[in-house]
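S.K.: Each chain is listed here by its residues.
Number of protein chains: 2
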Amino acid sequence: MESIRQFGLRGVNAVATRSWWGWGNIEDAVVGAERAALTARVAAMLPNADLTVHEPPQLASLTVADSRLEAPAPLAALASQDLADRVSHGRGQAFRDVVRNLLGRVEDIPDLVLRPGTEQDVVDIVDWCGDAGIALIPFGGGTSVVGGVEPRNCSDYAGTASLDLGRLDRIVEVDRTSRAARIQAGIFGPVLEAGLRPDGLTLRHFPQSFEFSTLGGWLATRAGGHYATLNTHIDDLVESMRVVTPVGISESRRLPGSGAGPSPDRLFLGSEGTLGVITEAWMRLQDRPRWRAGASVLFDDYGQAVAATRTIAQSGLFPTNCRLLDPVEAFLNAGTQSAGGVLVLGFESADHPVEESMRRAEQICLDHGGRLPDGISLTDSAAQAARPGAADTWRSSFLRMPYQRDAMAAQSMIVETFETACTWDRFDELRAAVLAAATAAFTSTGTVGVVSCRFSHVYPDGPAPYFGIYAAGRWGQTVEQWDEIKIAVSEALITSGATITHHHAVGRDHRPWYDRQRPEPFAVALRAAKSALDPAGILNPGVLIDPTKVEHTA
Amino acid sequence: MESIRQFGLRGVNAVATRSWWGWGNIEDAVVGAERAALTARVAAMLPNADLTVHEPPQLASLTVADSRLEAPAPLAALASQDLADRVSHGRGQAFRDVVRNLLGRVEDIPDLVLRPGTEQDVVDIVDWCGDAGIALIPFGGGTSVVGGVEPRNCSDYAGTASLDLGRLDRIVEVDRTSRAARIQAGIFGPVLEAGLRPDGLTLRHFPQSFEFSTLGGWLATRAGGHYATLNTHIDDLVESMRVVTPVGISESRRLPGSGAGPSPDRLFLGSEGTLGVITEAWMRLQDRPRWRAGASVLFDDYGQAVAATRTIAQSGLFPTNCRLLDPVEAFLNAGTQSAGGVLVLGFESADHPVEESMRRAEQICLDHGGRLPDGISLTDSAAQAARPGAADTWRSSFLRMPYQRDAMAAQSMIVETFETACTWDRFDELRAAVLAAATAAFTSTGTVGVVSCRFSHVYPDGPAPYFGIYAAGRWGQTVEQWDEIKIAVSEALITSGATITHHHAVGRDHRPWYDRQRPEPFAVALRAAKSALDPAGILNPGVLIDPTKVEHTA
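Chains as they are written, first to last, in this note's numbering: chain E, 104 to 657; chain L, 104 to 657.
Chain E on its own, in the form it takes in the complex (with noise of 0.2 Å):
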């Protein structure tokens, strides 16, 4: 079980409560020492802060709307209308969400949580609702940080539904040879991971919200994993797709590699819920990785450090991890000081030893002013056990991170990112207008606050920058404060060119920007793609698109 234990998880059947209100497991919570040296942490960058805690209200004292919806008899074991159901299910687990939460604003949750055990289920629940005229939700794992599971504006339905697949979790069938399974998509990530192990095999896909996501939700999300080049998106590991629509089920053929018109999978990719039901796909998979090297590279110049990570990037050397964390990231973040940030580098390899990829990067940093003090960490998993490095440190950290998120949201903090792409040309010019947006709303909505920036993937031809916001709020008014940053550096974003998101997908929070972002006649495509296979418009309605307008008379 060590591997799955790296990526923090219990053990797959481990007694843990998740949290209603917040990440993950109650458990896992930071408290005690662990939040006390959180807490003096953000006070010593930002003396004037609040920091009192909040404690989340009791889950019996909310006051919800009841369930408008009972489910038909043959789908009455499939449903639920409890509260602690309700109230999870309707939303995700972004900052404002989690606030929300912690101040007992829960509206808008589901009348009813379904959950189909077999295919056919999820194929008499989108019948049912399609008649009925409900939104239907699919909720994946819930961790979705852009209102992609909350049923928002529903107020022309006869109710609303969240859709989990939390019973569908099995893997169906494993294909050694072409290293691939056919995979239902309700499994969380860490089981996913058990159960490839027996046959050497891995996914290596390993999100921040690995614990707690599930396959369906990376697909149909979109999501970004493990490897830094490569690989980056989930999209790349899809060899097949089955997804229930509610004009039919759309299964895609076995392909390594296909030209037969546009991409069907590509289509259903990132179409978060609005087009159908994903319930299974045959992923591609790696062999358990054997050699690995890894280094912590710092620079002096930040600018030598972009340089640095950017010729990686065009080598053709295909690091797994190669995040670059500017000055505030890596002191926030990794605990390290160093004026031009810190680049942490990763190689590895289930085929052959990875040393002299890594020496060749270690020796594009050198040519740009970088210091490896710790030098260089190899290992063969096969002589030794992995020490850990620099990737386990930030691993764990990187895990952590949700939870030191929620124990700052309830002391007032405003504690959320943004993750976007843009080409290199383009990045300190997106860089600038990102710390300025953000700094300009710290004063407007009263706040002091400090910005950070690691690359989380890169590409060739760009970065994938992720910034993280760290501000003073006031208690009891810190999402109306996020939300006003939020518009500014999303503005800044969009006006720069970058993507609204790389890897959170759209949701309804950032509908306005992507409507900007998209080109107008792929709208108008998508939209029919959207009446002709959904033609009751009930497919989690307001997200990425909205659909012709249907008369809902049930």
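Worth flagging that the hints you see were computed from the coordinates, not collected in a lab.
Source: prediction; values computed, not measured.
Think of the CB as a built atom: it goes at the ideal place given N, C-alpha and C, for glycine as much as any other residue.
The reader is advised that the hints may include incorrect statements.
[Stated by the list, open to error] FRET-style restraints, in silico, Cβ to Cβ: (1) E:W578 <-> L:Q223: 53 to 63 Å; (2) L:D185 <-> E:D649: 47 to 57 Å; (3) L:A136 <-> E:A485: 50 to 60 Å.
[Said to hold, decoys possible] Okay, the calculated bits of chain L under chain E, using three or more residues with CB under 8 Å as the criterion: (4) 323-330; (5) 343-354.
[What the hints assert, rightly or not] Some chain L residues close to chain E (C-beta under 7 Å, calculated; not the full set): (6) T335; (7) D339; (8) R387; (9) S452.
With the hints as your guide, set chain L onto chain E.
M.R.: Just chain L now, kept in the frame of chain E:
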């Protein structure tokens, strides 16, 4: 110019005469001693073949219908009714196209050839055709082998026009930092590469049609190129696209990666002119490679050769060239006798030596019983001129094939290909099914022939097999004989779970099998998108999808 000459180009500005009936330039046709040698090789393989040479008819002797269209005054300067223009834009470069030309069977040619000089010209042409009910067929370079540019079954249109973007052939802008360039869609391969060379850049997209096909054609058909692994299709080299649709211009953002909804570019990639006309694209470029390594590996057992190739495809070594030729292919196109076939391997890099990768691939081959009688060739173009190696021999042969095909087509030979892809677990069965179907079809059509197989590209989860058909037909009937073989083998591809095309597109010829391959809900979505973007149904009708029927009254 040396690198361009390697690809068979006469020189960008050299004078050459395009053949109206067959492949490429008249000056490059297979004649004299080359033809005699080729004829002798074929005669040795198929001793009873009647290889009498048949000459093409004179262009002026062809009987063709008069043009039914007159361009309106503002477009008159862009329009041609010239016989040679109309005939040469009436079909592609498939075997059946060439033979029909040789037989003087020239039907269904466009009424007009239109040559826009600006994007606004394209908009005006699309508007005119929409208003007048004229079928508009984007031509690219006209190397379609699937009936993609042939105005067949267009009787319910007011006429047909071929859209030749050859005048839109400029590299508009180069972003050296991000290694990308904005390039007009009508540019041909050699002009594109020559234009990038001063910046030390290359697109490195070298389909067999490289000299005579265009960027826009590559994008519209999801062309396969140089790279045997990783960026196999042009799709992955696209940063953004501009497409003129009847409802407006679609322009995606320049982004190295994005997760904002389904990818707009992926809808237009592979749309084969049915959704819009691609006018330009920002393409991701490469630095020109400096280090190269290559080898030819002989195997005694084909199963072992396949296993070695699969292991390399799954190794993460990412060879640039990884073409496994079966014994028939090795003999016919590389002149090599080997009971288990030949694996042609190549590595290249602009950043670092590739010997270590080559040595590891060699070891994998040795582990599977491979032999390297000529060893490994290593070159560093900064230190030495590249010596011709196995990859060069292969490349020359590769670019010469269409000319040889034409020579043999005029000698009653049936020379064509099937290209597909499947997962590794299915390859043996697929190959057996294709051989059985082709052999049975040889018998039923009264031909005698052989089938070869090479892998054009390989993926971790499967190969892209490329089957060659060489059969002795009866002059005057080879098109019908081929069509019967085509039906039998296409059936085998589809029933074996493979794709009807890996990189030759769907066009009109692959429609019956494509319609069975694609998921029906995707067809519903595509049809809706088509109707929304092209309400008059004028764009390349009959390709990919039948639009909702539109009454044309003009």
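S.K.: All hints, please: hold or fail.
M.R.: Okay, the hints, checked on the actual structure:
1. Between W578 (chain E) and Q223 (chain L) the beta carbons are some 57 Å apart, a value that agrees with the proposed interval 53 to 63 Å.
2. Here the CB-CB span from D185 (chain L) to D649 (chain E) is close to 49 Å, well matched to the stated 47 to 57 Å.
3. The supplied range of 50 to 60 Å is met by A136 (chain L) and A485 (chain E), whose beta-carbon atoms lie about 58 Å from each other.
4. Counting residues of the segment 323-330 of chain L whose beta carbon lies closer than 8 Å to any beta carbon of chain E gives 4, which meets the minimum of three for the stated coverage.
5. With 7 residues carrying a beta carbon less than 8 Å from a beta carbon of chain E, the segment 343-354 of chain L meets the three-residue requirement, and the given coverage holds.
6. Residue-level restraint check for T335 (chain L) holds (minimum Cβ-Cβ distance to chain E is 6 Å; threshold 7 Å).
7. For D339 (chain L), the shortest C-beta to C-beta distance to chain E is roughly 9 Å, which exceeds 7 Å, and the interface hint is violated.
8. Restraint check, R387 (chain L) versus chain E: the minimum CB separation of about 5 Å is within 7 Å; hint holds.
9. Look at S452 (chain L): its Cβ gets to within about 5 Å of chain E, closer than 7 Å, so that hint holds up.
The structure shown violates just one earlier hint, number 7.
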